[in-house]
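Student: Next come the chains, spelled out residue by residue.
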Amino acid sequence: MDFLNSQQLTALDGYFHKFLADGDYRWGIGAVGTYTIHVKPKDPVHIPQQLTITLTYDRSGAYQPDQPQVEIYQNDWILWHAPNAAFSVPPYSILGSGSANFNSRALGVGDMFSHIFVQNGTYRYMVGGGTGGPQNGSIQVDPAPVPPPHAAKNVNVIDAAPPKPDPVQIVSGDTIVWVINKGSSFVINSAQ
Amino acid sequence: MSDATIAISEAGMTTLLQRAIDGPLAAHGSGAWGPFIADYDVSLRISGGIVQFPDPSLPPGPVVRLSEVVVQGTVVGSIGLDLARVLPQLCIPPFQVCVPIDFWGDQVCTPQYCVTWPTISIQIPVIVPPIGVSLDFAILPPYQDGDVWRVDLGAYPFSLNFDLTPSINAILDKAKQVVHDILGQIPLIGDLIDGLVDTVINGLKAVINTILGAIHDFIEALIRLVDVFSPTIHFHAFKLSANQKILPAGGPGDREVDLIIAALAAQVTTDKELLLTTDFA
Numbered sequence: 001m002d003f004l005n006s007q008q009l010t011a012l013d014g015y016f017h018k019f020l021a022d023g024d025y026r027w028g029i030g031a032v033g034t035y036t037i038h039v040k041p042k043d044p045v046h047i048p049q050q051l052t053i054t055l056t057y058d059r060s061g062a063y064q065p066d067q068p069q070v071e072i073y074q075n076d077w078i079l080w081h082a083p084n085a086a087f088s089v090p091p092y093s094i095l096g097s098g099s100a101n102f103n104s105r106a107l108g109v110g111d112m113f114s115h116i117f118v119q120n121g122t123y124r125y126m127v128g129g130g131t132g133g134p135q136n137g138s139i140q141v142d143p144a145p146v147p148p149p150h151a152a153k154n155v156n157v158i159d160a161a162p163p164k165p166d167p168v169q170i171v172s173g174d175t176i177v178w179v180i181n182k183g184s185s186f187v188i189n190s191a192q
Numbered sequence: 193m194s195d196a197t198i199a200i201s202e203a204g205m206t207t208l209l210q211r212a213i214d215g216p217l218a219a220h221g222s223g224a225w226g227p228f229i230a231d232y233d234v235s236l237r238i239s240g241g242i243v244q245f246p247d248p249s250l251p252p253g254p255v256v257r258l259s260e261v262v263v264q265g266t267v268v269g270s271i272g273l274d275l276a277r278v279l280p281q282l283c284i285p286p287f288q289v290c291v292p293i294d295f296w297g298d299q300v301c302t303p304q305y306c307v308t309w310p311t312i313s314i315q316i317p318v319i320v321p322p323i324g325v326s327l328d329f330a331i332l333p334p335y336q337d338g339d340v341w342r343v344d345l346g347a348y349p350f351s352l353n354f355d356l357t358p359s360i361n362a363i364l365d366k367a368k369q370v371v372h373d374i375l376g377q378i379p380l381i382g383d384l385i386d387g388l389v390d391t392v393i394n395g396l397k398a399v400i401n402t403i404l405g406a407i408h409d410f411i412e413a414l415i416r417l418v419d420v421f422s423p424t425i426h427f428h429a430f431k432l433s434a435n436q437k438i439l440p441a442g443g444p445g446d447r448e449v450d451l452i453i454a455a456l457a458a459q460v461t462t463d464k465e466l467l468l469t470t471d472f473a
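Line by line, the protein sequences give chains A and B. Everything in the first sequence is counted per the numbering used here, starting at 1 for the first residue and increasing by one. Everything in the second sequence is counted per the numbering used here, starting at 193 for the first residue and increasing by one.
These aren't lab readings, by the way, just hints derived from the structure by calculation. Here the structure is a predicted model, which means the values were calculated and not measured. Only true hints are included.
Some chain B residues near chain A, calculated using beta-carbon distances under 8 Å: (1) I284; (2) P285; (3) V289; (4) V291; (5) I293; (6) W296; (7) D298; (8) V300; (9) C301; (10) T302; (11) P303; (12) Q304; (13) Y305; (14) C306; (15) T308.
Glycine included, each C-beta is placed from N, C-alpha and C at the ideal position.
Bound-form chain A, shown alone (with noise of 0.2 Å):
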């Protein structure tokens, strides 16, 4: 079965944060650090984009960001990913401090967590945090047809108190994601 864990990110992970306050924020790796991030004021105009930040495992065994230093506007959003990184090399995640702080091993509203699914089979799943104590959720990954489809569209909205994540239905090669809309402090992670 896949490695599902959001505090544990790997190259079939993502890791979103909606900026909805402006301000300036640090990030790093692991832990806060000197990585920065400008958020301007809304703007009546803007349309919200997605920026990516693409991480590469290098030789010093680090993650190295591709934009140290990035700007955006409010309501945007940033993509962390590790495309490259290889599966033998340890996991990260993302915590930043600023007007709001975020942090990929604690999700709230604002944050998005993804996955690639490519083994089959039935993932039982828990996600904990937020109140109400932890809830199980399922997603059944069945065969892909070869060439593999177009990845579906499959959202997971967590915005209940408790979170009620619905069971999906999906072939291998789709990504879920997980949407927090209400509440703090979520893990998603395989269960035992």
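Here the structure of chain A is known, so what remains is to put chain B in place on it, guided by the hints.
Tutor: Only chain B this time, still in chain A's reference frame:
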């Protein structure tokens, strides 16, 4: 009229030439070639040979024929193949997908995982089996080199034939192994892209077959780089001291008697001999 002559028979010349050519020949180098980075190491051994003096009354051409020379050895090519230049890009999902996030009224685009193809290094040992070669030589004008006169032979180039088919199979096997190993790093990915692997390998095979002839030419060029039998390379057939001691010193007042060779000429006679004629100073 010369002052002295030296006659060398075919048997004597055979011994001299065998000594001249016997030994290892090596060359090493590297370079970029299309999608390949090539590194080569050539090691050949030349031995044997029987000399014949063609009739000098025949039309001008080689005057010494060395037959039954044996050439053998190895050519080890290390080929670095950049798979990213050969294989198609493989991404899951095949292209980026964007999904609407209704709560926020906008959309996000989910990431892809793309396989990174590496450069692989493949050793291609080419065994050059014992090959019987006949070589024709011209006798070059003798020349003085310090204290000695040298008689050199200039040879005409020859060609080698060899079979690269086993090496091509080795390339394909290695490439298949690397592709499977890389795809195997993706956790239990078999169900998803097993079918694509065959497509990838078939694509690679087509490329390899296309350049098969070029690889053959490349290896052949490497062997030619040794250039051992180039007419520009002279074999030292033998040497003769320029200072010939005729009488040793007999004691006080009776000094050694030497003759200095001022000129030396070489030619093959109708008696099948190499005749050296000298003029003393």
